[in-house]
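Produce the entire structure from the sequences given, and follow the hints as far as they go.
Residue numbers (the working numbering): 20 to 151.
Keep in mind the hints are simulated off the structure, nothing from the lab.
Be aware that one or more of the hints could be misleading.
[Stated by the list, open to error] What follows is a list of derived Cβ distance ranges for each label pair:
1. Pro94 with Leu69: 27 to 33 Å
2. Tyr104 with Gly48: 36 to 42 Å
3. Gly75 with Thr41: 35 to 41 Å
Being a predicted model, the structure only gives us computed values, none of them experimental.
Glycine included, every Cβ here is placed at the ideal spot set by N, Cα and C.
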Amino acid sequence: MIFFGMMLQGFGKSPRYSFTVTYIDNNTGRTNTGFYMGIIIACAIFGPTLAFALGGVFSRMFVTLEETTLTPKHPRWIGAWWLGYIVCGVLALLASLPLMWFPRRLPPRPGRHDNKGDHVIKEKHDQLGALG
Numbered sequence: 020m021i022f023f024g025m026m027l028q029g030f031g032k033s034p035r036y037s038f039t040v041t042y043i044d045n046n047t048g049r050t051n052t053g054f055y056m057g058i059i060i061a062c063a064i065f066g067p068t069l070a071f072a073l074g075g076v077f078s079r080m081f082v083t084l085e086e087t088t089l090t091p092k093h094p095r096w097i098g099a100w101w102l103g104y105i106v107c108g109v110l111a112l113l114a115s116l117p118l119m120w121f122p123r124r125l126p127p128r129p130g131r132h133d134n135k136g137d138h139v140i141k142e143k144h145d146q147l148g149a150l151g
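Next comes the structure, spelled out in structure tokens:
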């Protein structure tokens, strides 16, 4: 069961990276693509680190969020493990709100697709045709 869950997760996550690079490359300047990809990769690296740190903070709170005489070192202590799901879920929803106003396609920038290299390909094709 875990194998199929991980496989489904892989199918869902794999297009995200390839489509992200393509979207950013097509809609930013050539010199800015690396900068924006660096930001995205930094978020991918530091996101789980932040979540792990928040899990440590939430595990020091009692599961019911009420005052108790138990301490985190007590064997009957249960941390507020569920609080991370709520906090991260709300943050994800808030972060996704601006994405709803992104267009499916950005209008093409003038000069982005100028096809400067097409004449070289045509010349090589003509040369190969002359040889055959």
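Cross-check of the supplied hints:
no.: 1; hint: Pro94 with Leu69: 27 to 33 Å; in the structure: holds, 29 Å
no.: 2; hint: Tyr104 with Gly48: 36 to 42 Å; in the structure: holds, 39 Å
no.: 3; hint: Gly75 with Thr41: 35 to 41 Å; in the structure: holds, 37 Å
Hint check: no violations occur; every hint is consistent with the structure.
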